[in-house]
Amino acid sequence: MAKNANTTTTVVPKQNRGFKKFLKDNIGFFFILPWLIGFIIFKLYPFGSSLVYSFSDYHLFNGISKFGIMNYTDIFSDAKIMKAFKVTFKYAFLTVPLKLTAALFIAYILNFKIKGVNFFRTAYYIPSILGGSIAIAVLWKAIFRNEGLINTLLGYFGIAGPNWLSDTKWALFIICLLRIWQFGSAMVIFLAALKGVSGDLYEAAAIDGAGKWRQFFSITIPLITPVIFYNLVTQLCQAFQEFNGPFVITKGGPRGSTTLISLLVYSNAFKSYQMGLASAMAWLMFIIVMVLTIIAFISQKHWVYYSDEEGR
Amino acid sequence: MKKTKKFVAFLMASTMVFSMAACGTSKSDSATTDATANDSATETTDATKDAAETSADGKTVITFSWWGGDSRHEATIAAVDKFMELNPDIEVQTSFGAWDGWEEKMATSFATSTASDVTQINWNWITSFSSDGSAFADLNQYSSIIDLTQFDQSKLDLCTVADKLQAIPVSMTGRIFYWNKTTFEKAGISVPTSLEELKKAGETFKTVLGDEYYPLVVGEYDRMVLMVYYLESVYGKPWVENGELQYTAEEVQTGLEFIQSLEDDHVIPSVETVTGDGADSIDKNPKWMGGVYAGIFEWDSSATKMQSALTEGQEFVVGDYFKDMGDYQGGFSKVSLGFAISESAKNKEACAKLINFLLNEEEGIKLMASERGIPLSKTGLQVCTDNNLLNATVAEANSKVLAWTQFSLDPTFEDAKLKNNPDGIYYDVMQGLSYGDYDLAAAATALIEGVNGVLGN
Numbered sequence: 001m002a003k004n005a006n007t008t009t010t011v012v013p014k015q016n017r018g019f020k021k022f023l024k025d026n027i028g029f030f031f032i033l034p035w036l037i038g039f040i041i042f043k044l045y046p047f048g049s050s051l052v053y054s055f056s057d058y059h060l061f062n063g064i065s066k067f068g069i070m071n072y073t074d075i076f077s078d079a080k081i082m083k084a085f086k087v088t089f090k091y092a093f094l095t096v097p098l099k100l101t102a103a104l105f106i107a108y109i110l111n112f113k114i115k116g117v118n119f120f121r122t123a124y125y126i127p128s129i130l131g132g133s134i135a136i137a138v139l140w141k142a143i144f145r146n147e148g149l150i151n152t153l154l155g156y157f158g159i160a161g162p163n164w165l166s167d168t169k170w171a172l173f174i175i176c177l178l179r180i181w182q183f184g185s186a187m188v189i190f191l192a193a194l195k196g197v198s199g200d201l202y203e204a205a206a207i208d209g210a211g212k213w214r215q216f217f218s219i220t221i222p223l224i225t226p227v228i229f230y231n232l233v234t235q236l237c238q239a240f241q242e243f244n245g246p247f248v249i250t251k252g253g254p255r256g257s258t259t260l261i262s263l264l265v266y267s268n269a270f271k272s273y274q275m276g277l278a279s280a281m282a283w284l285m286f287i288i289v290m291v292l293t294i295i296a297f298i299s300q301k302h303w304v305y306y307s308d309e310e311g312r
Numbered sequence: 001m002k003k004t005k006k007f008v009a010f011l012m013a014s015t016m017v018f019s020m021a022a023c024g025t026s027k028s029d030s031a032t033t034d035a036t037a038n039d040s041a042t043e044t045t046d047a048t049k050d051a052a053e054t055s056a057d058g059k060t061v062i063t064f065s066w067w068g069g070d071s072r073h074e075a076t077i078a079a080v081d082k083f084m085e086l087n088p089d090i091e092v093q094t095s096f097g098a099w100d101g102w103e104e105k106m107a108t109s110f111a112t113s114t115a116s117d118v119t120q121i122n123w124n125w126i127t128s129f130s131s132d133g134s135a136f137a138d139l140n141q142y143s144s145i146i147d148l149t150q151f152d153q154s155k156l157d158l159c160t161v162a163d164k165l166q167a168i169p170v171s172m173t174g175r176i177f178y179w180n181k182t183t184f185e186k187a188g189i190s191v192p193t194s195l196e197e198l199k200k201a202g203e204t205f206k207t208v209l210g211d212e213y214y215p216l217v218v219g220e221y222d223r224m225v226l227m228v229y230y231l232e233s234v235y236g237k238p239w240v241e242n243g244e245l246q247y248t249a250e251e252v253q254t255g256l257e258f259i260q261s262l263e264d265d266h267v268i269p270s271v272e273t274v275t276g277d278g279a280d281s282i283d284k285n286p287k288w289m290g291g292v293y294a295g296i297f298e299w300d301s302s303a304t305k306m307q308s309a310l311t312e313g314q315e316f317v318v319g320d321y322f323k324d325m326g327d328y329q330g331g332f333s334k335v336s337l338g339f340a341i342s343e344s345a346k347n348k349e350a351c352a353k354l355i356n357f358l359l360n361e362e363e364g365i366k367l368m369a370s371e372r373g374i375p376l377s378k379t380g381l382q383v384c385t386d387n388n389l390l391n392a393t394v395a396e397a398n399s400k401v402l403a404w405t406q407f408s409l410d411p412t413f414e415d416a417k418l419k420n421n422p423d424g425i426y427y428d429v430m431q432g433l434s435y436g437d438y439d440l441a442a443a444a445t446a447l448i449e450g451v452n453g454v455l456g457n
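Heads up: the protein sequence lines correspond to chains S and R, in order.
Position 249 (the first sequence) corresponds to 249 in the UniProt record's numbering; numbering is contiguous.
Position 317 (the second sequence) corresponds to 317 in the UniProt record's numbering; numbering is contiguous.
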């Protein structure tokens, strides 16, 4: 009797069984489905549609009247846009090496067993959390204005500081400095990599008479090249997308000396409503970043050391 | 139990992903949001276009948006609350914020038909966003609700585009000089009443007060407005009329030369100096606040903002137009702002009721006072005057502007391609001239080409 009852309760309709099996077989897919939907709607669709728009004269209020490559030809014939590309390259090639150098240098120092090291690690990481915020950009502006903190300090030493924000020679440097100051996240990654370098190697090198510099360049650097490579690529991508700093601090001025391409994309899209042109500029920037990333990947076989590849 | 756990896990994952997606994951997205909130935090209540046409309790729901400062927000919210009290069948959901980034936000909402039902608009938005009349409703159709007889027809005509009255003009505005009388007294001179006196003041400020003191400060766009005022005074014709720029290259050069002469004569600081001050606008510039810069050429409606920025003990006075600028009364006035009803609004009658309450009904007028300038509505002005609600400085400035200016402004004057900071033509030309990148001829050519480009010529 009891056996019969059990049999009755475990009977599942054939249709339900099929659904259950389907669920079981595809449970992973269902877990990523929310992300997938979000990705398609908020990333893939805008990504694809912006490519189409880049080949049109799409105006936010007038719509599309023609298709063609006019936006791309306009970009190359517009001195203002070409200057913005130039400034963006300058910005990226200034900030990325300096930021990586600063991050590696500080990480190297913080890797030593020094008193209060945890405090210093936290302190150096804080700018990374704050650095991208508008509040810090506003503070940066206040520090570097004509009568700001820096010029006041310089004044104590009898030095007349320049107009940091309005001198075309200095403004970009100030924007770069803000980005370099946010070296914390790269530093933490370097620190983790440095921790992974075996102490035995340093000991052996020391026995062989290698000094600290020699150890750094002959052991540390080669062994953390995969992390340097990772940081290089991510920082390069971030640098080409920089927006906050110049937008808040200089609005792209003076005389376009801090007008990065992202500012022009924003301005064309949301102030002049020329979505087609803005899309073309964004795509051109994407292609540039992609090419640079590919070059970085190709070049890694010459300088990046992976320990699982027989020491190459 | 296992099923429930899976379902909950799925639900949580979905919620998390969608909430993250809604926040925006790209850096530039967050940058835009942050930047908008930069000047003064954008305050937004829960007004969205998705609001139901009627609320759960059967009320008609309309949305209303505006930009402005804190005092305008407080006055408008009080007026809206009063309106809802008097019209219990209507619920008004509001959204408001600072000007910084507001135009971009509204442009996107107009383009996607998700704008608020009732919108405070800048005058040039009519031509920018609704030149074919597609964005805003024709308010002539609601003349039984909005008392249009309260407004001069000539003012209503300024808001009529594509044969539709697309907005009700709230007030008129124009640029006028304001002086920090205290600084002038410190320099031992009285505030200038003529161009000659202003030029002399430049020299006096330099010798008596020091190099960093200037009798007037103007940004790039201010320079453009000042130049047009000068040109209209000299040549007696508007800047743009019937879609055509009215000035030749030589005449424009004369105007640019005038601006440059002010810089050369120590009347105005260079663009480099003002930019280096690191302030977003003149009212936030410590040198204006402290009286180092002693004059501005501003909208009459901005008087209170500029006055309240000054540190204690400084006297702020409304200036006069200069009679020696030229043979004509130069300078222009324009519609300061207006109220429009979105074409996509579902309850346009309720929207019209709200507009009429804010502009023409005593209770609304008393609460709104002169927060949006000196009212154009006859009843509005009467109620404000009778109840002493007008700011004395704004009223004085506005009466001087309206009494003096004879030219109107073409809406394209404020086109984004010209007025954008930093890539608009006005900024390029005025900065270029001040930094020495342009000579007068090159600057005039760039300006004319830019203006003609916008005019489609």
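Please keep in mind that the hints were generated in silico from the structure rather than gathered at the bench.
Be careful, since some hints might not be right.
Claimed, not checked - Calculated cross-link-like contacts (lysine to aspartate or glutamate; reagent style EDC-like; alpha-carbon spacing at most 16 Å):
#1 LYS59/R / GLU361/R
#2 LYS251/S / GLU272/R
#3 LYS164/R / GLU449/R
#4 LYS251/S / ASP100/R
#5 LYS271/S / ASP100/R
#6 LYS83/S / ASP437/R
#7 LYS417/R / GLU147/S
#8 LYS80/S / ASP437/R
#9 LYS419/R / GLU396/R
#10 LYS284/R / ASP78/S
#11 LYS417/R / GLU449/R
#12 LYS82/R / GLU449/R
#13 LYS400/R / ASP320/R
#14 LYS169/S / ASP264/R
#15 LYS251/S / ASP280/R
#16 LYS271/S / GLU103/R
#17 LYS419/R / GLU103/R
#18 LYS206/R / ASP157/R
#19 LYS323/R / GLU197/R
#20 LYS378/R / ASP147/R
#21 LYS271/S / ASP437/R
#22 LYS169/S / ASP147/R
#23 LYS284/R / ASP264/R
#24 LYS271/S / GLU104/R
#25 LYS200/R / ASP324/R
Stated by the list, open to error - Computed far set for chain R versus chain S, every beta-carbon distance over 12 Å:
#26 GLU212
#27 GLU272
#28 VAL274
#29 SER302
#30 LYS305
#31 LYS323
#32 LEU455
Quantities reported herein were computed from a predicted structural model and do not represent experimental measurements.
Backbone N, C-alpha and C fix where the C-beta goes; we use that ideal spot for every residue, glycine too.
We went through each hint and held it up to the structure:
1. LYS59/R / GLU361/R: violated, 22 Å
2. LYS251/S / GLU272/R: holds, 14 Å
3. LYS164/R / GLU449/R: violated, 31 Å
4. LYS251/S / ASP100/R: Cα-Cα ~13 Å, so holds.
5. LYS271/S / ASP100/R: Given pair LYS271/S, ASP100/R holds - Cα atoms ~12 Å apart, limit 16 Å.
6. LYS83/S / ASP437/R: The hint holds at about 15 Å.
7. LYS417/R / GLU147/S: With a Cα-Cα distance of about 32 Å, the restraint between LYS417/R and GLU147/S is violated, given a limit of 16 Å.
8. LYS80/S / ASP437/R: holds, 14 Å
9. LYS419/R / GLU396/R: violated, 28 Å
10. LYS284/R / ASP78/S: violated, 34 Å
11. LYS417/R / GLU449/R: holds, 12 Å
12. LYS82/R / GLU449/R: violated, 50 Å
13. LYS400/R / ASP320/R: holds, 8 Å
14. LYS169/S / ASP264/R: Answer violated: LYS169/S to ASP264/R is near 23 Å, above 16 Å.
15. LYS251/S / ASP280/R: This hinted pair holds, its Cα atoms lying about 10 Å apart.
16. LYS271/S / GLU103/R: With Cα atoms ~8 Å apart, LYS271/S and GLU103/R stay inside 16 Å; holds.
17. LYS419/R / GLU103/R: holds, 13 Å
18. LYS206/R / ASP157/R: violated, 47 Å
19. LYS323/R / GLU197/R: holds, 11 Å
20. LYS378/R / ASP147/R: holds, 10 Å
21. LYS271/S / ASP437/R: violated, 25 Å
22. LYS169/S / ASP147/R: violated, 58 Å
23. LYS284/R / ASP264/R: violated, 25 Å
24. LYS271/S / GLU104/R: holds, 6 Å
25. LYS200/R / ASP324/R: holds, 14 Å
26. GLU212: It is violated; GLU212/R is separated from chain S by about 9 Å at its closest Cβ, not greater than 12 Å.
27. GLU272: Per Cβ check, GLU272/R is inside 12 Å of chain S; nearest 4 Å; violated.
28. VAL274: Answer for VAL274/R: violated, closest chain S Cβ roughly 8 Å.
29. SER302: holds, 20 Å
30. LYS305: holds, 20 Å
31. LYS323: holds, 35 Å
32. LEU455: Given that every Cβ of chain S is farther than 12 Å from that of LEU455/R, nearest at about 15 Å, it holds.
Hint check: violations occur at hints 1, 3, 7, 9, 10, 12, 14, 18, 21, 22, 23, 26, 27 and 28; the rest are consistent with the structure.
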